[in-house]
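Residue numbers (this note's numbering), protein chains in the order written: chain R, 6 to 258; chain E, 745 to 1049; chain S, 2 to 292.
Some clues are possibly wrong.
[Claimed, not checked] Straight-line alpha carbon distances no greater than 20 angstroms define the calculated DMTMM-like cross-link-like pairs of lysine to aspartate or glutamate that follow:
id, chain 1, residue 1, chain 2, residue 2
1, E, Lys841, R, Glu79
2, E, Lys881, E, Asp766
3, R, Lys148, R, Glu197
4, R, Lys200, R, Glu182
5, R, Lys174, R, Glu32
6, R, Lys174, R, Glu139
7, R, Lys251, R, Glu237
8, E, Lys841, S, Glu86
9, S, Lys264, E, Glu1046
10, E, Lys1041, R, Asp215
11, E, Lys1043, R, Asp153
12, R, Lys10, R, Asp215
13, E, Lys867, E, Glu1012
14, R, Lys251, R, Asp215
15, E, Lys843, S, Glu86
16, R, Lys148, R, Glu194
17, R, Lys176, R, Asp224
18, R, Lys174, R, Asp153
19, R, Lys10, R, Asp26
20, R, Lys10, R, Glu79
21, S, Lys187, S, Glu86
22, S, Lys188, S, Glu118
23, S, Lys264, E, Asp969
24, E, Lys1043, R, Glu32
25, S, Lys117, E, Glu1015
26, R, Lys217, R, Glu197
27, R, Lys174, R, Glu191
28, R, Lys148, R, Glu191
29, R, Lys234, R, Glu79
30, S, Lys117, E, Glu1012
The hints are simulated quantities; they were obtained by calculation from the structure and are not laboratory data.
For reference, the chains in residue letters:
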Amino acid sequence: MTLLKVENLSKEFGGVHAVEDLTFSVEPGHIHSIIGPNGAGKTTLFNLITGVYTPSAGRVLFQDRLVSGLKPYELAAMGMSRTFQNLQIFFNMQAIENVMVGAHLHLNRGFLSSFLRLPAVVRGDRECRARCTELMEFVGLAKYLDADAASMPYGALKRLEIARALAAKPKMLLLDEPAAGLNATESREIDEVIKRVAASGITVVLVEHDMKMVMGISDHITALDYGRKLAEGTPAEVRANPDVVKAYLGAHA
Amino acid sequence: MALLAIVVAAAPIGFTNSYFYDVGVNAMFNAIVCVGLNLLIGYAGQISLGHAGFFALGAYGSALLTTMYNVPPIGALTISALVVGLLAFVVGRPILKLKGHYLAMATLGIGIIIHIVLKTESKFTGGPDGMSLDNFKMLGFTVMGDRMWYWVAGVLLILAVWLALNLIDSPVGRALRAVHGSEVGAEVVGVDTSSYKVLVFVVSAVFASVVGSLFAHKNGFITPDIGSFFGSVHLVTMVVLGGMASVFGAVVGAVILTLLPQVLASVEQYEAMILGVIMMGTMIFMPKGLLPSLLAKLKSREAGR
Amino acid sequence: MFAAFLQYLFSGLTSGAIYALAGLGFAIIYNASHVINFAQGEFIMIGGMASATLVAAGVPMPLAIVLALLISMAVGVALEKFAIEPARNADVVTIIIITIGASIFLRGATQIILDKEFHSLPAFSGETPIGVMGATLMPQSLWVFAVAAVMIVGLWWFFNRTMFGKAMLATSHNRLAAQLVGVGVKKVLLASFALSALLGAVGGVVVTPITFTNYEAGIMLGLKGFSAAVLGGLGNGGGAIIGGLIVGIVEALASGYLSSAYKDAIAFVIILFVLFFMPNGLFGKRGTDRV
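Please work from the sequences and hints to get the whole structure.
Laid out in C-alpha cells, this is it:
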C-alpha cells in the first residue's frame, strides 16, 4: 500500500507557480528525499502536504484518503507530523514542554479535567513527561531536560522539533532541512537519528541540501526544479540522471 | 499559592476600618478578572481591549435578573455567566482569526459597543444614571458588609488562582501556551488552535462576568462606566504591569493598580499623569512586567553568588 | 427627503475628513514603525485645546494656530523619543500599553496645564450657513474639507516627490534595505511622529469651531481614526482616507435615520463586520504566512 500519493499538485502565488503539476508517491517504511535547488518548491510542497497551504489544483492522498483541504491538526490526528525549516519552537515554554505539546493528541484533553487537575490528568502528564524525556534522550537532548527552549542553541532546537514531532506518534514524519545550519558532527548525529526513526517503522519524507546525507540514507529520491518533477528513483539513478546533474549538482560544482 | 492564602488571611490585621476592607475586596475582584484575562493575554498571547464589557454584562445581567425577574442572585450570576460565555463564543470564532492590532481593534470595538448599549438602553439599565440592586443572598444567608465580602473575595481569588495554575500545567494549558509560541507549530502536532483560542477567550470572559455580578451585588449600585474602554485598558494594564504569563503577576498588578488611586488621593489631579508614567515606565524598563522581572533579578543575583 | 439626506452627508463628510486625517496619522506611524499609536487622538485634542486657549488669551488666530501645530508636533517628537524609541522591538501588547499610557499622561497633563472646561474657536469665516439644495452647509465644514484635501495632496507630494518622503516610504517597505542605502531610520521614526502629530493637530484645529473640545475629546476621535485605518487596511494611506470617510458618512446616516444614541457605536459595528469577512481590512495586503 502506498502511504502518500501526490497527484497533479499545483500551487501558485500571484501567478508564480511554486509547485506545478507534481505527481509522486511515498512508500511506507521508506526514507524518501525531496531534493532540488533553492526555490524549487520543496518547502511549499511540504506546506501543501501538511495542510498549511491549500493547493491551487491537484490532490493529496494519505493512506488512500483524500486529505487536501484538511487542516494541519486534522492531518496530525491521521498520523502526519513535521518539522520546519524556519524553526517553529514554542520559545515561551520549557524544552520538555515543547515535546509534551507534541503528545497533545494522546493526552486527556478535557477542559474540566484539566481545570480541576483530576487524577487522570496528573497520571497522564506524568507518563507523558516520562515518554517525552525518553524522546529527548533519543534525539540527543538529554542535557536540555530542564532547559527553557529560549536558552537552547540552534542545533539543539532542530532536534527539539524532531522530538516534538515524534511525540505525536506519527506514521509519516516530514523533515524540512533538518541538517541546515549544523556543523559536520551535528549533521552526522541527525543522520543517525533519522535512520533510527526510520528503523522504528516511521516513514520519513526528507527535504535536505546536504547531498552526502541524502544519498547516504534515502531509499527513494524525487528531484524538483522550478516546482516540477525533474527525476526520481533510487539515489544511484538520480545521481546518474543528466538533468539532475545539470540543474542541481551542476550548480554546486 | 500558600503564600497568597497567608497574605489574604493576614492582610486584615493591618486594616483599621471598613474602608480598607472595601479597597481589599476591589483589589481581589480585579485580581480574579486579571487571572482570567492573563490566561488569554499572557499565556495564549491574544490581546483583548474589551473585557470590561464582559465584566459590565455580568454586573448588569445580575442586576436585571434579580430586580426585574426576581431570579435568586446565584441563579442570576450563573445565567449571566452562561450568556456572556455564549456571546464570547459567538464573537470569538470570527475575531480570534485576527492577529495583533486587528484583534486589538475588534475586541476594543466589542467592548465599546457593549458600553454604549448599556448607556443607551435606559429602559432596562437606567442609562448613564445606573441602577441599584440588592445584597447577595444564598440559602437564606446574606453576604453584606465589607468584611464578609472580603472573605468571600479572598476565597474566590484563591480558587481562581488554583484553577488557573491547574490549567496552565495541563495538556490544555500547554496547548494554549503553544498557540502563543507558534500557531503553525502547534497545529502540525494536532492542536486545533482556533478552538483553543476561543476556549480561553470564553473562560476569561466568564471570569470577568462572574466577578462583575459579585461586584454589582457588593456595591449595590452600578453605572455603565464600569464597562468603558478605559475599564478594559485598566484591566490589560494590570495584567501587563504585574507580568504576562504569570498568575501571581496578574494578582500583583491588580492589587497595585487598585491601590494606586487610594495612595494618590492626596494628589488627585496628578493621578492620570502618574498612572500614564507608570504604564510607560514599566513597559520600557520591565517589558516582562514587575513580578517576572523581579524574580529574574533575584535568580541572577543568586546565580552570581 | 433628499435635503435631509444631503444634510447627513455633509455632517458625515465633515467628521469623516477628521477621521481620515487621524487614520492617515495612524498609517504613517504604522508604516514607519509598526506601532499603533493610541495617543493619536491626543494630537487632535492638543491641537484644538492649545489653539483655543491661545486665542482666548488674546493671541491672533493665525499665530495661535501655528503655535498649536508646533506644540503638537513637539509632543509627537517627544513621545517618539522618550516612550517609543526606548521600547523598540517590544511586543505588540507592550507597545499598545505604552501608547495608551502616553495618551492618559497627555490627557492628565492637559487637564492640569490648561483646564477641564470645553473650549471653542471662532469659525474661520463667519457662521452664515450656505444653502445647498435645501440642506445647509456651515462655512467651517468647507474649511474642513479644503484643509483635509490640502493636507492629503501635500502628503502625496511629500511621499512621492521629495527625497525624504521617498526615504520614509522605502523604510516602511524594507527597513534593512533602507538602512543599507543610508536612510536614517531614527530620523524617519521621528519624522513620522511629527507628521502624524501635525495631521492630528490640523484636524483638531479646523474642527474645534464645530464640535468644541476638552481634554477628553481625543479618546473617541482617536479610536475612530484607528477604525478608519484598520478599515482601509493598516498602513495603506489611501485606504485610511476612504476608511475615514466611510466611517464618518455611515455614522451620520445611521444617527440620522436609525438612532443618534448609537452614533458612536456605528464605527465599531462597521469595523467588526468588515473584519469578520476581510481580516486585513478593505485594501490591506493579503499575505500567506511564511513558515
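Now for the hints, and whether the structure bears them out:
{"no.": "1", "hint": "E/Lys841 x R/Glu79", "in the structure": "holds, 18 angstroms"}
{"no.": "2", "hint": "E/Lys881 x E/Asp766", "in the structure": "holds, 19 angstroms"}
{"no.": "3", "hint": "R/Lys148 x R/Glu197", "in the structure": "holds, 18 angstroms"}
{"no.": "4", "hint": "R/Lys200 x R/Glu182", "in the structure": "holds, 15 angstroms"}
{"no.": "5", "hint": "R/Lys174 x R/Glu32", "in the structure": "holds, 18 angstroms"}
{"no.": "6", "hint": "R/Lys174 x R/Glu139", "in the structure": "holds, 13 angstroms"}
{"no.": "7", "hint": "R/Lys251 x R/Glu237", "in the structure": "holds, 15 angstroms"}
{"no.": "8", "hint": "E/Lys841 x S/Glu86", "in the structure": "violated, 30 angstroms"}
{"no.": "9", "hint": "S/Lys264 x E/Glu1046", "in the structure": "violated, 58 angstroms"}
{"no.": "10", "hint": "E/Lys1041 x R/Asp215", "in the structure": "violated, 43 angstroms"}
{"no.": "11", "hint": "E/Lys1043 x R/Asp153", "in the structure": "holds, 14 angstroms"}
{"no.": "12", "hint": "R/Lys10 x R/Asp215", "in the structure": "violated, 25 angstroms"}
{"no.": "13", "hint": "E/Lys867 x E/Glu1012", "in the structure": "violated, 35 angstroms"}
{"no.": "14", "hint": "R/Lys251 x R/Asp215", "in the structure": "holds, 17 angstroms"}
{"no.": "15", "hint": "E/Lys843 x S/Glu86", "in the structure": "violated, 23 angstroms"}
{"no.": "16", "hint": "R/Lys148 x R/Glu194", "in the structure": "holds, 15 angstroms"}
{"no.": "17", "hint": "R/Lys176 x R/Asp224", "in the structure": "holds, 17 angstroms"}
{"no.": "18", "hint": "R/Lys174 x R/Asp153", "in the structure": "violated, 23 angstroms"}
{"no.": "19", "hint": "R/Lys10 x R/Asp26", "in the structure": "holds, 13 angstroms"}
{"no.": "20", "hint": "R/Lys10 x R/Glu79", "in the structure": "holds, 17 angstroms"}
{"no.": "21", "hint": "S/Lys187 x S/Glu86", "in the structure": "holds, 8 angstroms"}
{"no.": "22", "hint": "S/Lys188 x S/Glu118", "in the structure": "violated, 37 angstroms"}
{"no.": "23", "hint": "S/Lys264 x E/Asp969", "in the structure": "holds, 18 angstroms"}
{"no.": "24", "hint": "E/Lys1043 x R/Glu32", "in the structure": "violated, 52 angstroms"}
{"no.": "25", "hint": "S/Lys117 x E/Glu1015", "in the structure": "holds, 14 angstroms"}
{"no.": "26", "hint": "R/Lys217 x R/Glu197", "in the structure": "holds, 13 angstroms"}
{"no.": "27", "hint": "R/Lys174 x R/Glu191", "in the structure": "violated, 24 angstroms"}
{"no.": "28", "hint": "R/Lys148 x R/Glu191", "in the structure": "holds, 15 angstroms"}
{"no.": "29", "hint": "R/Lys234 x R/Glu79", "in the structure": "violated, 28 angstroms"}
{"no.": "30", "hint": "S/Lys117 x E/Glu1012", "in the structure": "holds, 14 angstroms"}
In this structure, the earlier hints numbered 8, 9, 10, 12, 13, 15, 18, 22, 24, 27 and 29 are contradicted, and the remaining ones agree with it.
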